Every structure is written in C-alpha cells, then in structure tokens.
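Using the sequences and the accompanying hints, generate a full structural model.
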Amino acid sequence: MQFKIDRKIFATWPDQQIRQLINQALKELKLPAVDFIVEHPVDENHGDYSSNIALQLFSKLSKFKNPRELAKKITDYCLQITDYDFVDKIEIAGPGFLNFHLKREWLLKQLNQALKQADQYGRNQSLKAKKVMVEFTDPNPFKEFHIGHLYSNAVGESLARLFEAIGAQVKRANYQGDVGMHVAKSIWGMKKKLKILAGKSLTERVKFMGQAYAAGATAYQEDQSAKKEIEALNKQIYEQDPAIQELYQTGRQWSLDYFETIYKRLGTKFDEYFFESEAGEYGLKIVQEYLKKGVFAKSKGAVIFEGEKRGLHTRVFINSLGLPTYEAKDLGLAVAKYQRFKYDYSFNVTGNEINAYFQVVLAALKQINPELWQKTRHVGHGMVRLPEGKMSSRTGKVLTGEWLIDEAKAKIKKTYPDVSEKTAEMVAIGAIKYALLKAGLGRDVIFSFKESISLQGNSGPYLQYTYARCRSVLQKTKITDYRLPITDYSANSEELAILRWFYRYPETVLAAAQELAPNQIANYLYELAQRFNTFYNNHRIVGSDFRLTLTAAIAQILENGLYLLGIKAPEKM
RNA sequence: GCGCCUGUAGCUUAAUGGAUAAAGUAACGGUCUUCGGAACCGUAGAUGGGGGUUCGAUUCCCUCCAGGCGCACCA
Numbered sequence: 000m001q002f003k004i005d006r007k008i009f010a011t012w013p014d015q016q017i018r019q020l021i022n023q024a025l026k027e028l029k030l031p032a033v034d035f036i037v038e039h040p041v042d043e044n045h046g047d048y049s050s051n052i053a054l055q056l057f058s059k060l061s062k063f064k065n066p067r068e069l070a071k072k073i074t075d076y077c078l079q080i081t082d083y084d085f086v087d088k089i090e091i092a093g094p095g096f097l098n099f100h101l102k103r104e105w106l107l108k109q110l111n112q113a114l115k116q117a118d119q120y121g122r123n124q125s126l127k128a129k130k131v132m133v134e135f136t137d138p139n140p141f142k143e144f145h146i147g148h149l150y151s152n153a154v155g156e157s158l159a160r161l162f163e164a165i166g167a168q169v170k171r172a173n174y175q176g177d178v179g180m181h182v183a184k185s186i187w188g189m190k191k192k193l194k195i196l197a198g199k200s201l202t203e204r205v206k207f208m209g210q211a212y213a214a215g216a217t218a219y220q221e222d223q224s225a226k227k228e229i230e231a232l233n234k235q236i237y238e239q240d241p242a243i244q245e246l247y248q249t250g251r252q253w254s255l256d257y258f259e260t261i262y263k264r265l266g267t268k269f270d271e272y273f274f275e276s277e278a279g280e281y282g283l284k285i286v287q288e289y290l291k292k293g294v295f296a297k298s299k300g301a302v303i304f305e306g307e308k309r310g311l312h313t314r315v316f317i318n319s320l321g322l323p324t325y326e327a328k329d330l331g332l333a334v335a336k337y338q339r340f341k342y343d344y345s346f347n348v349t350g351n352e353i354n355a356y357f358q359v360v361l362a363a364l365k366q367i368n369p370e371l372w373q374k375t376r377h378v379g380h381g382m383v384r385l386p387e388g389k390m391s392s393r394t395g396k397v398l399t400g401e402w403l404i405d406e407a408k409a410k411i412k413k414t415y416p417d418v419s420e421k422t423a424e425m426v427a428i429g430a431i432k433y434a435l436l437k438a439g440l441g442r443d444v445i446f447s448f449k450e451s452i453s454l455q456g457n458s459g460p461y462l463q464y465t466y467a468r469c470r471s472v473l474q475k476t477k478i479t480d481y482r483l484p485i486t487d488y489s490a491n492s493e494e495l496a497i498l499r500w501f502y503r504y505p506e507t508v509l510a511a512a513q514e515l516a517p518n519q520i521a522n523y524l525y526e527l528a529q530r531f532n533t534f535y536n537n538h539r540i541v542g543s544d545f546r547l548t549l550t551a552a553i554a555q556i557l558e559n560g561l562y563l564l565g566i567k568a569p570e571k572m
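The opening residue of the first sequence carries number 0 in numbering that gives the first Met the number 0; numbering runs sequentially from there.
It is worth saying that the hints were derived from the structure and are not from the lab.
Note that the structure is predicted; figures quoted are calculated from it, not measured.
It is possible that part of the hints are untrue.
Once the Cα atoms are required to be at most 27 Å apart in a straight line, the calculated DSSO-like pairs of lysine-lysine come out as [stated by the list, open to error]: (1) Lys102 - Lys115; (2) Lys72 - Lys115; (3) Lys192 - Lys206; (4) Lys190 - Lys226; (5) Lys29 - Lys64.
Here are the computed distance ranges between Cβ atoms for each label pair [unchecked claim]: (6) Lys413 - Glu259: 27 to 33 Å; (7) Lys571 - Lys413: 16 to 22 Å; (8) Gly321 - Lys226: 35 to 41 Å; (9) Gln358 - Arg6: 27 to 33 Å.
C-beta atoms are modelled at their ideal positions from N, C-alpha and C, and glycine is treated no differently.
Listed below in structure tokens is the structure:
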C-alpha cells in the first residue's frame with residue numbers, strides 16, 4: 000500500500016517552483032526532458048535549494064563541453080524570468096550544480112506565517128477526509144507492560160499525530176490478548192499464591208501477575224503435570240468456565256486498569272479496543288468460509304494457508320483442536336476494525352520480529368478481501384534489546400515501562416531538586432520518548448538506560464529546555480503580538496542560519512508523515528534548537544523586535560514539533 | 001539449510017545516487033560582570049572486506065564476513 004498524497008498544497012513551495020522554472024527553461028532552450036532533483040544541499044554555502052539538472056542532462060547530450068557550460072545556459076534563461084519573488088540569486092558551482100538562494104523577504108514572510116498560524120503551523124490537508132486507523136502498543140493482559148510496549152506506544156502515537164497533522168481523521172486502536180496460553184500460564188501461577196494480594200497497589204498486583212506468568216511459563220516447560228493443568232486452564236478460559244471466571248475477570252481488569260494509568264502518563268488515548276477473544280470469533284468464521292473456497296487447505300488436522308506457494312511460510316490458521324490461532328485472529332481483527340471504522344488506511348505497528356508472519360496474514364487477506372488488503376499496512380519497528388540480549392518475560396528478565404519512567408524521573412529530581420513534580424514527569428517522558436524516536440524505525444534499539452534518560456545534547460530535555468528558555472525570554476516583555484512589521488532586515492549570520500532552517504518545518508512534517516519517520520521531526524527540531532542556542536549565546540534578544548519575533552516563532556515550532564513526537568513543552572523547567 | 005533485516009567515529013545516531021560523510025556522547029581544551037550553563041565554542045576520531053554499475057556510491061547490484069529475526073498447530 001502506498002500513501003496517496005496530494006501535493007497541491009506545496010505547489011507554491013520554492014522547490015516546486017524552481018522545478019517549473021527549470022522545465023520551462025528546458026522547453027525554451029529545446030533541451031530534452033530528463034529526471035532531475037531539487038533539494039536542500041547539505042552544505043548551506045551551496046544555497047537553499049540545489050539542482051543537478053545540468054549534470055543529468057550533460058550525460059545525455061554531446062554538444063556541450065562540460066556540465067558547467069550547460070548550467071550557464073539554463074541559469075541565464077532562468078534569470079530573465081522575473082516573476083519569481085523568492086529567488087535571490089542562482090549560482091553555478093562544483094561540477095555543475097545550480098544553486099538557488101532564497102530572498103530574505105521570502106524567509107521573513109515565513110516567520111510571520113508561523114506566528115499567524117500558531118499551533119496550526121506546519122499542518123496541511125494532504126490527507127483531507129481520509130480515515131486512518133493506527134493500531135499500536137498491544138500489551139497483553141496478565142503480563143508486564145515492558146519497555147518494548149513503551150517503544151511501540153511512542154512510535155504509534157507519533158504516527159497517529161503525524162497523520163492528523165496532514166489532515167487525516169485518525170482512530171487509535173489497541174489490540175490485546177485476553178485469551179490464549181499466556182493467560183493460562185499466568186492464572187496457573189496466580190492460583191498458587193493468590194492471598195498475597197490483599198491491600199496491594201495496582202502496580203504491585205500487575206507485577207505479581209508478571210511473576211505468576213514467569214512461574215507458569217517455567218512450570219509449563221519443566222513440569223509435565225503442570226503442563227497438563229495449564230492446558231486444561233486454557234480450555235476453561237476459552238470456554239468461559241464459571242469455575243475460573245472470577246479470577247480471570249479480576250486479573251484481566253487489573254491489567255486493563257493498570258495499562259490505562261500508563262497511557263495517561265504517556266499522553267495516549269485510545270479510541271478503539273480490540274480483544275483476541277473477539278477477533279478469534281470472526282477469524283474462525285472467515286477461515287472456515289474460505290476453506291470451502293480453496294483459499295485455505297487442510298493438513299494434519301489443521302487448517303493452513305500455503306504460503307510456500309507464494310514464497311512465504313506456510314502457517315496454521317486453525318489448529319487441530321479447532322481453535323483459531325493468532326493468524327486467524329488477525330484476519331478477524333482486520334474485519335472487526337473495518338466494521339467499527341470505515342478506514343481508508345490501516346496501520347499496524349509492531350516489532351519487526353513478526354514481519355514474516357504478517358506477510359502471510361496479509362497474503363491471506365488479499366485472497367479474502369483485496370479491498371481491505373489494499374488499505375492495510377504493517378509497520379515493523381526494531382526491537383528493544385538489552386545489552387545482555389533479548390528481554391524475556393518467561394525468565395522474568397524484563398524492564399517495565401513504569402520502572403523506566405520512574406527511574407528517569409528520580410534522576411531528574413536528584414539532578415535538579417527544584418523542579419516541580421509535574422515538570423519532572425514531563426521531562427522524564429520527554430527524555431524517554433525522544434530517545435526512542437530520534438532513530439529511524441528500521442533498526443533494533445539497543446536499550447541504554449543512560450542514553451534513554453539523557454538530559455544533555457541531542458535529547459528531549461534539550462528541546463524542552465530550549466522551549467522554556469524561549470518562553471522565559473519572551474515573558475520579559477509585554478508584547479503579545481509578535482507579527483513582524485519588517486519586510487527587510489539585514490540579519491546577522493546566526494539569525495540568517497535560523498531563518499534558513501525554520502521554513503523547512505512544513506515540508507519536514509509532510510515527509511515524516513509520508514515516510515512514517517518520526518525521527519525526521521526529531522532531527523529537524525534538534526537542528527533548530529542548536530541554531531537558536533548558538534544565536535542566543537551571542538546576541539541579546541530583549542530590546543530587538545526582530546529577535547523577539549524570531550524567538551516567538553521558534554518557540555512555536557518547538558511546541559508544534561514536540562507535540563508530533565508526543566512530548567509536552569514546559570513553560571518552565 | 002532457506003528467507004528477511006541490519007553493519008557509518010570507542011558508544012548512540014544523521015546523510016530523496018551528488019559537492020569537504022553530519023551530530024550527540026565519552027576524552028581533552030576553552031567561553032560567562034549579559035535575557036535560564038539542562039547552554040555555547042574548539043581539538044581529536046568513521047562508511048565491515050572485495051568486486052561491479054555510474055560523470056559521481058554510505059545509498060543500487062553481486063560476493064564474502066559479522067550480528068539479529070523468522071521458518072506448522074505459541075503469541
């Protein structure tokens with residue numbers, strides 16, 4: 000599935016106009032059309048936008064001595080056109096790049112845009128009227144909420160906010176495994192020592208269930224009689240046997256209540272909850288129906304999808320006991336989701352360990368409902384690993400999300416004893432989310448405690464600090480409307496460095512949403528904050544209308560951008 | 001064994017096939033009679049190996065090496 004983005008919104012953006020200008024020049028000069036790029040050069044001495052048109056064209060033509068000669072011809076033509084109000088100058092550089100420098104007036108205009116649009120700045124309507132469902136976090140009741148869930152939550156929430164930022168109507172979904180062997184294992188463990196729980200907090204009760212799960216999982220592997228007991232429990236759970244209903248319902252509710260406390264701290268609010276018990280029913284029916292139509296096959300008493308015929312794995316959808324497996328449940332889930340929300344796009348955010356699994360499910364979905372298949376996309380992110388290796392809830396070697404947040408918070412309070420409780424929480428969440436989101440989604444996240452709660456350098460707190468610093472300076476004045484009366488201003492180099500960076504925010508938002516890459520927002524904001532702090536160190540802001548305006552605009556972008564990462568910007572810290 | 005993913009500075013990460021590979025962190029050295037030092041500036045340090053395509057490769061292709069994940073009734 001590919002996002003269909005309407006780029007009309009950026010038709011007047013400089014890169015689009017430069018592209019038009021070059022195409023016009025090619026036509027006029029009777030040069031052949033050829034693929035070329037217009038991009039921001041890495042080195043800003045090379046201008047604000049740069050094109051490789053001359054290099055691309057040169058390799059196709061023989062009548063020019065070198066690319067620079069060709070570049071000169073195109074440039075000369077472009078310079079005759081006067082109705083482009085944003086280009087200051089065009090230079091030919093290096094092997095034959097065309098470098099475009101933007102006019103200061105245009106840059107200053109963008110500053111005003113940011114202040115005028117305030118919290119709407121950077122948002123657009125590319126996905127207007129599109130419905131998008133994003134499924135993420137997916138913790139399992141009766142087990143811990145570990146830092147992997149924290150990661151999935153940070154990624155999913157950020158993607159949801161990015162989709163909203165480009166105009167989509169988004170529903171956040173959470174899919175939770177309330178039936179299955181892990182529940183049986185946990186309940187088996189709970190039955191052994193239930194009495195301990197009287198008067199304990201929710202956190203402790205959930206922690207206890209985690210331990211119960213570990214005990215059950217170990218016993219399942221090592222003890223034959225325990226294994227039989229657990230399998231019997233699994234059946235009881237599936238059949239809703241009254242004998243264990245109270246324990247089951249109590250434990251389930253503890254988990255769900257507990258998860259809500261974590262979501263609240265993280266700033267996520269789910270619109271839709273789905274459970275495996277529900278998805279299983281749908282899944283079973285679907286698979287049975289399409290078994291008749293030949294999509295699935297019977298083998299060794301089970302119902303399978305023959306993925307091997309398509310270069311995938313063959314997987315079981317209904318096991319030989321007649322119960323739906325995870326595969327069937329995921330098919331049921333797709334349908335259940337669509338019944339509740341007629342989505343145009345459906346994203347499923349999980350760890351990439353199930354990438355191959357998901358390909359099989361999607362291949363089956365394609366046979367059953369091509370329309371839904373078209374709309375569905377699995378987003379596999381890297382896994383969180385400990386330096387010692389993989390986390391395992393079976394051995395109890397897990398770090399819970401709550402532990403991490405509390406540790407981060409404790410460190411902040413220790414380093415800065417004066418911060419308020421509220422701010423410490425905000426900064427702790429900011430540090431963790433930023434650490435998780437600043438890297439691309441592809442690779443595994445090697446969990447480093449030190450890194451994840453870092454307060455210096457490229458960190459969430461650095462951005463929050465910069466925001467608070469901006470706000471603090473602005474509060475020294477009584478000005479409330481920072482609109483700029485100035486249309487020309489001879490900016491110094493630090494000011495210019497900021498001007499030449501911040502107008503890129505709207506295009507960064509679009510790119511991040513389109514490429515499913517929250518890290519692009521993180522990178523952008525970090526660069527912005529760095530430029531501001533360098534400027535701040537060398538110039539006094541209070542007393543200059545221009546600098547105050549600049550500061551206000553930066554604060555606005557920091558706030559907007561942090562929001563897209565799911566991070567709050569504190570007024571003080 | 002087969003398939004997928006990942007290898008960039010000691011560590012964590014940037015870089016739509018473009019120009020001198022960019023930061024943070026750790027190390028060392030600096031900045032402040034100033035609006036918030038959770039800041040700023042400087043020094044030193046890298047594309048796993050080998051081929052290929054290209055005017056140009058961290059990026060695409062092949063191969064080797066290293067690591068991770070997956071491969072039938074768990075989720």
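Tested hints:
1. Lys102 - Lys115: Status holds; Cα separation ~20 Å.
2. Lys72 - Lys115: Measuring from Cα to Cα gives roughly 40 Å; hence the hint is violated.
3. Lys192 - Lys206: 13 Å, holds
4. Lys190 - Lys226: 14 Å, holds
5. Lys29 - Lys64: 18 Å, holds
6. Lys413 - Glu259: 27 to 33 Å: About 29 Å separates the Cβ atoms of Lys413 and Glu259, which means 27 to 33 Å holds.
7. Lys571 - Lys413: 16 to 22 Å: 19 Å, holds
8. Gly321 - Lys226: 35 to 41 Å: 20 Å, violated
9. Gln358 - Arg6: 27 to 33 Å: 30 Å, holds
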